[in-house]
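Undergrad: The listed protein sequences derive, respectively, from chains A and B.
Residues in the first sequence are numbered from 1 upward in steps of one, following this note's numbering.
Residues in the second sequence are numbered from 1001 upward in steps of one, following this note's numbering.
Please note that the accuracy of each hint is not assured.
Straight-line C-alpha distance at most 30 Å; calculated DSSO-like pairs for lysine-lysine [said to hold, decoys possible]: (1) 1054/B with 14/A; (2) 1103/B with 57/A; (3) 1103/B with 1054/B; (4) 1103/B with 1069/B; (5) 1003/B with 1052/B; (6) 1052/B with 1069/B; (7) 14/A with 1003/B; (8) 1003/B with 1103/B; (9) 14/A with 44/A; (10) 1054/B with 57/A; (11) 44/A with 1103/B; (12) 1103/B with 9/A; (13) 44/A with 1069/B; (14) 14/A with 57/A; (15) 9/A with 57/A; (16) 9/A with 1054/B; (17) 14/A with 1069/B; (18) 1069/B with 1054/B.
Keep in mind the hints are simulated off the structure, nothing from the lab.
Note that the structure is predicted; figures quoted are calculated from it, not measured.
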Amino acid sequence: NAGVTQTPKFRILKIGQSMTLQCTQDMNHNYMYWYRQDPGMGLKLIYYSVGAGITDKGEVPNGYNVSRSTTEDFPLRLELAAPSQTSVYFCASSYQGRGNTIYFGEGSWLTVV
Amino acid sequence: LAKTTQPISMDSYEGQEVNITCSHNNIATNDYITWYQQFPSQGPRFIIQGYKTKVTNEVASLFIPADRKSSTLSLPRVSLSDTAVYYCLVGDGEGYSTLTFGKGTMLLVSP
């Protein structure tokens, strides 16, 4: 059971480039999330999804896009990368229900230069 | 959405018991209290969850008073490997979609 898998683990982007962070989970969770974590800070929610075909903005959605075509996959797209998007990105998933536990991926380190 | 307040940092020594308290004054009836642990360069990991009174697992204990306006994570006999950031979250199954983790409590365990 792999849990939540993110790729790539490390990436350097030039300003203005675009890329997609991939995320997949094999736990049949209906909720999926993307967080970013800046150095010394807590996690901030970028986007989330409560099921296939349904996505919604979190606290810091600007500069990002997501899609949820399947239950398993929740890619995060960065368009026109900016230095402010240098961060660690965590994908997570959970099963709907009271007191559900969130399971995190190992993170993707992104540097925009 | 219940807001949580916890200390920024705590220091301890190996073998001691560590108690980290989280305040959540506006906790709702349906809200659970969940604690996560995060090591450097890793994603947060679930430690323990409770609704009221006391919950214990192989890693920690969670104490929740009757009014549920605070909770205390207790780590027995910490070791160097318990050095991490600990986050307190409050919410129910629906509310988790909008939860933010905050800065958490940085626990430093020294020899």
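Undergrad: Hints first: check each against the structure and report whether it holds.
TA: For each hint, the structure was consulted:
no., hint, verdict
1, 1054/B with 14/A, "violated, 50 Å"
2, 1103/B with 57/A, "holds, 21 Å"
3, 1103/B with 1054/B, "holds, 25 Å"
4, 1103/B with 1069/B, "holds, 19 Å"
5, 1003/B with 1052/B, "holds, 18 Å"
6, 1052/B with 1069/B, "holds, 10 Å"
7, 14/A with 1003/B, "violated, 37 Å"
8, 1003/B with 1103/B, "holds, 12 Å"
9, 14/A with 44/A, "holds, 23 Å"
10, 1054/B with 57/A, "violated, 35 Å"
11, 44/A with 1103/B, "holds, 10 Å"
12, 1103/B with 9/A, "holds, 23 Å"
13, 44/A with 1069/B, "holds, 24 Å"
14, 14/A with 57/A, "holds, 25 Å"
15, 9/A with 57/A, "holds, 24 Å"
16, 9/A with 1054/B, "violated, 38 Å"
17, 14/A with 1069/B, "violated, 47 Å"
18, 1069/B with 1054/B, "holds, 14 Å"
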